[in-house]
Amino acid sequence: MVSRLQAFLIRRLLWALPVLALVSIAIFGLIRLVPGDPAIVMLGADAPPAQLAAVRAELGLDDPLPVQYVDYVADAVRGDLGHSYVDDRAVSGAIAARLPTTLFLTAAGFLVSLSIAIPAGLLSATNRGEWLDGVGLGFGLLGVSIPNFWLGVVLLLLFGVHLDWLPVAGYVSPLDDPVAGVRYLLLPGITLGTAMAAVVTRMLRSELLEELRREYLDAVRMKGVGELQVLTHATKNAFIPVVTVIGMQFGYLLGGSIVVETVFSIPGMGRLLIDAIQSRDYIMLQGVVLVYTTFFVAVNIAVDGAYFYLNPKLGGER
Amino acid sequence: MQGEDAPTNRRTFLTAVGGAAAAALAGCTDGEGTPTGDGTSSPGPSDTPTDASTPAGGPQSGGTLRVGFESELTGLDPHRTESVVSWLVVFNVCETLITFEDGAPASRLATDWEIGDDGRTYTFTLTEDARFHAPVDRAMTADDVVYSFERMNQDGAMGSDLAAVDSVEATGEYEVTFTLVETFAPFFNFLGRVPWVVVPEEAVEAQGGGLGDFQEPVGTGPFQFDEYEPGEKLTLTAFDDYRADDVPLLDAVEITPIPDADSRVAALRGGDVDLVRGVSGSDADTLREDPETKLSRQRGTQWGQLHINCSEPPWDDPAVRRAVAHAMDRSAIVEAAVSGYGQAAWQPYAEESVWHSDLGDSRRTHDPERARQILDEAGNPLDGETLTIKTNTRYGLMETTAELLVAQLAAAGIDAETEVLEWGTQLSDFVGGNFGAMAFSVPFKIDPDRHYYGFVHPEGTQFNYYGEDQPDAQRMYELLERGRSETDQDERVEIYGEFEQLVNEHCPWISVARADGLAGLRSNVYGVQPWLLPYTRFWTMWTEE
Amino acid sequence: MTDATDADGTTAEPARPQSPLARRARAFGRRFRRNRLAVGGLLVTAGFVLLAVLAPVLAPYDPAVVNVPARLQGPSLAHPFGTDRYGRDLFSRVLYGARIALQVAVATPLVAGAVGVPIGLVAGYVGGRVDDVLMRLMDSIFAFPAILLGLTLVAVFGQSLTNIVVALGIVYIPQFARVTRGSAVSVVEEEHVRVARSLGASHARIVLVHVLPFCLSAILVQATVTAALAIVLESSLSFLGVGVPSPTPSWGSILRVGKGYVDSGEWWYSVFPGMAIVVAVLGFNLLGDGLRDVLDPRTDPNR
Numbered sequence: 001m002v003s004r005l006q007a008f009l010i011r012r013l014l015w016a017l018p019v020l021a022l023v024s025i026a027i028f029g030l031i032r033l034v035p036g037d038p039a040i041v042m043l044g045a046d047a048p049p050a051q052l053a054a055v056r057a058e059l060g061l062d063d064p065l066p067v068q069y070v071d072y073v074a075d076a077v078r079g080d081l082g083h084s085y086v087d088d089r090a091v092s093g094a095i096a097a098r099l100p101t102t103l104f105l106t107a108a109g110f111l112v113s114l115s116i117a118i119p120a121g122l123l124s125a126t127n128r129g130e131w132l133d134g135v136g137l138g139f140g141l142l143g144v145s146i147p148n149f150w151l152g153v154v155l156l157l158l159f160g161v162h163l164d165w166l167p168v169a170g171y172v173s174p175l176d177d178p179v180a181g182v183r184y185l186l187l188p189g190i191t192l193g194t195a196m197a198a199v200v201t202r203m204l205r206s207e208l209l210e211e212l213r214r215e216y217l218d219a220v221r222m223k224g225v226g227e228l229q230v231l232t233h234a235t236k237n238a239f240i241p242v243v244t245v246i247g248m249q250f251g252y253l254l255g256g257s258i259v260v261e262t263v264f265s266i267p268g269m270g271r272l273l274i275d276a277i278q279s280r281d282y283i284m285l286q287g288v289v290l291v292y293t294t295f296f297v298a299v300n301i302a303v304d305g306a307y308f309y310l311n312p313k314l315g316g317e318r
Numbered sequence: 001m002q003g004e005d006a007p008t009n010r011r012t013f014l015t016a017v018g019g020a021a022a023a024a025l026a027g028c029t030d031g032e033g034t035p036t037g038d039g040t041s042s043p044g045p046s047d048t049p050t051d052a053s054t055p056a057g058g059p060q061s062g063g064t065l066r067v068g069f070e071s072e073l074t075g076l077d078p079h080r081t082e083s084v085v086s087w088l089v090v091f092n093v094c095e096t097l098i099t100f101e102d103g104a105p106a107s108r109l110a111t112d113w114e115i116g117d118d119g120r121t122y123t124f125t126l127t128e129d130a131r132f133h134a135p136v137d138r139a140m141t142a143d144d145v146v147y148s149f150e151r152m153n154q155d156g157a158m159g160s161d162l163a164a165v166d167s168v169e170a171t172g173e174y175e176v177t178f179t180l181v182e183t184f185a186p187f188f189n190f191l192g193r194v195p196w197v198v199v200p201e202e203a204v205e206a207q208g209g210g211l212g213d214f215q216e217p218v219g220t221g222p223f224q225f226d227e228y229e230p231g232e233k234l235t236l237t238a239f240d241d242y243r244a245d246d247v248p249l250l251d252a253v254e255i256t257p258i259p260d261a262d263s264r265v266a267a268l269r270g271g272d273v274d275l276v277r278g279v280s281g282s283d284a285d286t287l288r289e290d291p292e293t294k295l296s297r298q299r300g301t302q303w304g305q306l307h308i309n310c311s312e313p314p315w316d317d318p319a320v321r322r323a324v325a326h327a328m329d330r331s332a333i334v335e336a337a338v339s340g341y342g343q344a345a346w347q348p349y350a351e352e353s354v355w356h357s358d359l360g361d362s363r364r365t366h367d368p369e370r371a372r373q374i375l376d377e378a379g380n381p382l383d384g385e386t387l388t389i390k391t392n393t394r395y396g397l398m399e400t401t402a403e404l405l406v407a408q409l410a411a412a413g414i415d416a417e418t419e420v421l422e423w424g425t426q427l428s429d430f431v432g433g434n435f436g437a438m439a440f441s442v443p444f445k446i447d448p449d450r451h452y453y454g455f456v457h458p459e460g461t462q463f464n465y466y467g468e469d470q471p472d473a474q475r476m477y478e479l480l481e482r483g484r485s486e487t488d489q490d491e492r493v494e495i496y497g498e499f500e501q502l503v504n505e506h507c508p509w510i511s512v513a514r515a516d517g518l519a520g521l522r523s524n525v526y527g528v529q530p531w532l533l534p535y536t537r538f539w540t541m542w543t544e545e
Numbered sequence: 001m002t003d004a005t006d007a008d009g010t011t012a013e014p015a016r017p018q019s020p021l022a023r024r025a026r027a028f029g030r031r032f033r034r035n036r037l038a039v040g041g042l043l044v045t046a047g048f049v050l051l052a053v054l055a056p057v058l059a060p061y062d063p064a065v066v067n068v069p070a071r072l073q074g075p076s077l078a079h080p081f082g083t084d085r086y087g088r089d090l091f092s093r094v095l096y097g098a099r100i101a102l103q104v105a106v107a108t109p110l111v112a113g114a115v116g117v118p119i120g121l122v123a124g125y126v127g128g129r130v131d132d133v134l135m136r137l138m139d140s141i142f143a144f145p146a147i148l149l150g151l152t153l154v155a156v157f158g159q160s161l162t163n164i165v166v167a168l169g170i171v172y173i174p175q176f177a178r179v180t181r182g183s184a185v186s187v188v189e190e191e192h193v194r195v196a197r198s199l200g201a202s203h204a205r206i207v208l209v210h211v212l213p214f215c216l217s218a219i220l221v222q223a224t225v226t227a228a229l230a231i232v233l234e235s236s237l238s239f240l241g242v243g244v245p246s247p248t249p250s251w252g253s254i255l256r257v258g259k260g261y262v263d264s265g266e267w268w269y270s271v272f273p274g275m276a277i278v279v280a281v282l283g284f285n286l287l288g289d290g291l292r293d294v295l296d297p298r299t300d301p302n303r
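First to last, the protein sequences are chains C, G and P.
Counting in our numbering, the first sequence runs from 1 upward without gaps.
Counting in our numbering, the second sequence runs from 1 upward without gaps.
Counting in our numbering, the third sequence runs from 1 upward without gaps.
Hints are computed from structural coordinates only; laboratory data are not their basis.
C-beta: ideal position from N, C-alpha, C; glycine also.
Wrong hints could be hidden among the right ones.
[Claimed, not checked] Examples of chain P residues toward chain C, derived with CB under 10 Å:
no.: 1; residue: L51
no.: 2; residue: E191
no.: 3; residue: V209
no.: 4; residue: L255
no.: 5; residue: K259
no.: 6; residue: M275
no.: 7; residue: A280
[Said to hold, decoys possible] Take a look, some chain P residues computed to stay more than 10 Å from chain G by CB distance:
no.: 8; residue: A64
no.: 9; residue: V66
no.: 10; residue: V68
no.: 11; residue: D131
[Stated by the list, open to error] Simulated restraints on C-beta separations:
no.: 12; chain 1: P; residue 1: G200; chain 2: C; residue 2: T232; range: 55 to 63 Å
no.: 13; chain 1: P; residue 1: V65; chain 2: G; residue 2: E101; range: 34 to 42 Å
no.: 14; chain 1: C; residue 1: P66; chain 2: G; residue 2: R475; range: 51 to 59 Å
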């Protein structure tokens with residue numbers, strides 16, 4: 001007997017597959033429409049036509065599109081995403097090498113975001129109407145109005161160049177050297193997390209306010225329970241939609257990481273993506289977009305599952 | 001055997017084949033100002049010394065040099081890769097027959113050479129001390145040279161560069177003779193270029209044997225290939241059995257691609273790497289000012305030009321091209337594009353080079369009035385027309401040339417706009433002739449034939465589409481053909497001199513600038529010697545701890 | 001002191017010409033004026049629009065004119081925002097950049113709405129399977145990080161202002177669809193719609209006359225939100241090098257070049273164009289927040 005949660009997850013997974021397929025076909029087809037010959041980019045304009053033709057045949061560029069697509073999918077399922085047009089390295093290998101970097105950056109952004117948003121949201125909601133609330137609201141508004149790449153550059157100018165406290169570019173894995181890793185991730189993490197913090201703060205604040213007004217809380221108060229416990233109770237319930245927002249924001253974090261990686265010259269998947277676009281490296285581009293897509297689909301399903309689980313109204317298990 | 005005819009000794013041979021090309025182009029310390037098109041000197045960058053300093057202690061051995069390259073390596077098979085970055089690696093691992101010192105040919109694998117009187121036979125005496133790296137581990141012989149050239153030219157892969165070669169023969173255990181179909185002057189200089197390296201057959205076969213399979217090159221050079229993780233690090237280690245003493249000084253070289261220019265500079269300044277190539281003009285000053293880093297400058301590694309399709313209206317009208325040549329303010333472009341690390345150019349070769357021809361006052365300098373005048377006299381062919389100049393954002397020199405040129409054309413009353421393409425697309429357009437004009441640049445070429453023949457001659461790739469209907473076209477083709485077949489250097493200098501005069505007159509392309517190759521170093525790196533070709537020679541370098 | 005209309009600003013009255021509309025409009029105006037966010041947002045946005053439109057008049061220099069000897073100079077009286085790498089006046093370029101931003105801010109919601117609103121109307125009105133499928137589709141696009149989607153679309157379409165606006169429009173279709181559907185679903189249950197249907201009105205007429213007008217407030221708010229997001233997304237794409245091609249002075253492109261000069265001290269190259277983005281986006285966000293308050297304060301406890 002399958003539990004309701006499991007049934008729900010299975011259904012969502014089944015919906016995810018066509019999405020992935022659709023995305024991969026769309027990218028595959030659209031990219032092929034773009035002008036530019038990878039063989040020439042690889043070998044240079046001076047290359048003799050015989051060599052160009054040989055490379056093109058090797059890459060399968062002359063096969064009909066559906067054949068190319070099927071070949072690609074068949075390999076992808078086995079973990080082989082092809083080989084880069086630029087330097088012949090394995091796409092899956094290149095992505096695997098860069099994935100931890102992007103994940104660490106995303107995690108840093110996430111941490112920063114929550115460490116700002118939760119206290120800010122709480123303070124704002126509990127001090128509604130006073131100056132603290134105004135600050136929270138102001139931060140929320142500003143946070144969504146400042147483009148993350150500009151924030152990054154400004155932080156760079158201030159802390160990296162002018163004050164010279166933090167590194168300006170590059171990356172060290174926290175696994176290799178925790179202290180250096182944190183130093184390199186600090187500014188990028190703040191940059192990435194701030195906008196998300198703004199959104200989550202706003203959301204948390206409004207949800208908390210909503211909860212705090214609820215009548216059932218008055219009933220609880222009348223029983224003589226302390227204000228702190230009321231708050232805790234309200235927070236837990238307020239968190240449910242916030243969890244959804246956080247899940248949605250993961251997509252933003254992933255997209256934002258592309259930009260932040262460029263600002264801070266961090267060698268993650270975002271740089272891989274941009275470089276692939278600029279060198280017409282179809283294969284790399286496909287692979288990277290596919291991986292990004294898989295990730296956020298997975299996270300979305302997880303968040304939906306969590307929401308389903310937490311929300312008693314949907315009959316989830318408690 | 002040596003050439004049967006009256007021996008032409010080596011000295012005459014050297015002068016005959018223009019080996020002194022760009023004698024001072026390589027790594028000279030600067031002190032003189034850089035003359036710009038308007039006759040004024042541009043201060044600052046021209047005073048930058050290259051790394052000629054030597055610390056009191058002198059060269060030290062040991063240590064690992066960490067290098068940041070500007071792009072990914074596109075395969076390491078020496079006979080199958082066209083990327084400059086890959087060549088750099090190969091050049092330190094495998095060797096060519098000759099090399100260049102102070103601009104003149106010098107021995108590398110070949111210790112002596114003779115050319116037959118008919119100019120078609122080249123006989124090389126090879127060193128007996130060259131050894132191949134492990135696992136091959138034996139002396140290099142003439143058979144290896146023959147094998148390498150035959151491999152390289154499989155299926156005519158080398159195109160017109162080797163088309164003139166009729167046969168390669170081992171005429172002794174350490175002697176090789178090339179016989180050409182006809183005289184082909186550039187041949188000798190080409191021998192110094194990377195694809196023409198000597199490799200051992202057994203190693204190639206062990207890795208698959210096909211063109212492109214030889215990804216872990218084995219050669220006779222001062223460094224041997226250790227390992228390579230694609231997209232990550234490539235490691236070279238010193239070859240202990242190298243035939244010269246104290247070469248190399250370093251124990252190992254680690255090369256990492258860092259395609260992002262800002263990252264490269266940051267990595268250098270942060271001490272993560274010791275040497276980076278591809279430093280932009282704006283970063284150059286920063287590196288000079290930072291006490292932990294310094295700059296190495298190689299003059300004229302890139303020749304920037306406005307490349308023109310002379311079959312595409314309105315560019316097929318010589319008056320249009322001449323007018324554009326006068327509208328262009330080259331010094332402004334040099335200043336903006338490379339922050340002065342370069343010079344305005346009317347031809348690919350600098351003043352110090354033997355291939356430089358003095359155009360004098362006939363040079364088309366910045367003169368918007370003259371531009372208008374030319375167009376007037378031609379009946380205003382650009383009335384109501386907007387010129388399009390293709391460019392990309394990947395290469396600063398090209399991007400800036402196009403942007404500034406459009407503004408400069410406007411100042412001369414010519415309507416123009418840029419069309420920004422992605423680099424791959426622009427390359428395709430270049431090869432396919434799908435353009436009117438584009439901002440372009442090509443790396444320095446050791447022999448003028450390699451610059452001009454491909455651009456103009458109908459039997460070359462003719463990237464400028466300079467058809468027979470164009471003024472003096474036949475004469476230009478003729479000159480190029482003679483330039484190839486004539487082996488006397490003074491004659492060749494005259495031939496290409498006349499050619500450049502015609503180029504100046506009719507503008508099949510418009511030269512813009514020669515840009516310098518800038519490399520950044522940590523201050524404790526010494527022995528960097530920029531030279532004629534744009535390959536970094538790691539074996540002259542050392543680090544001081 | 002209370003108005004004749006309901007607290008939430010909508011009426012459930014059967015359709016009658018002019019007068020309830022006029023009354024609603026006046027009530028709206030009053031509430032708008034009292035809302036500080038809305039007024040502030042309107043002022044800032046209007047300022048931005050004005051500067052963009054009047055840029056040719058206000059700019060002290062032609063933004064395209066190069067002046068290489070004057071390159072990379074810091075802020076001065078002659079050049080309040082300094083000069084760029086070709087000596088062009090940055091203040092003028094930022095002003096002209098506002099024109100690009102304005103075009104993006106206006107055209108993107110139009111494109112997104114032109115497709116998204118009909119989809120939302122159909123989904124909300126028809127309901128059932130159709131609703132399910134349409135919204136799933138919208139969700140799939142919506143779940144895609146905007147930057148990733150925008151990047152891929154522009155990389156494929158090619159870089160031009162038109163293509164970018166189309167690509168951005170596609171990115172924001174789901175928002176319009178969802179918001180419209182949300183309003184439509186609640187309206188569809190209401191009295192006057194059922195009455196109209198029982199009277200035999202055609203579906204098209206019902207949707208256009210009875211459903212759509214009640215979605216307008218939500219659509220309007222979404223339009224301002226999308227305008228803000230579009231400006232940010234376009235500048236992000238330009239910053240990455242996949243946006244509006246040079247030499248058009250998009251704020252993002254200027255910042256892209258400016259970043260290369262961060263290390264060497266030319267801070268003005270990065271600071272001023274970014275401030276312009278913040279101001280423009282802030283204006284739209286304030287306006288959006290204010291409008292949300294004014295049009296439907298009941299759902300927003302933030303007041």
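Consistency of the hints with the structure:
| no. | hint | in the structure |
| --- | --- | --- |
| 1 | L51 | violated, 17 Å |
| 2 | E191 | violated, 28 Å |
| 3 | V209 | violated, 34 Å |
| 4 | L255 | holds, 7 Å |
| 5 | K259 | holds, 6 Å |
| 6 | M275 | holds, 8 Å |
| 7 | A280 | holds, 9 Å |
| 8 | A64 | violated, 6 Å |
| 9 | V66 | violated, 4 Å |
| 10 | V68 | violated, 4 Å |
| 11 | D131 | holds, 41 Å |
| 12 | P:G200 x C:T232: 55 to 63 Å | holds, 56 Å |
| 13 | P:V65 x G:E101: 34 to 42 Å | violated, 48 Å |
| 14 | C:P66 x G:R475: 51 to 59 Å | holds, 54 Å |
Violated hints for the displayed structure, listed by number in ascending order: 1, 2, 3, 8, 9, 10 and 13.
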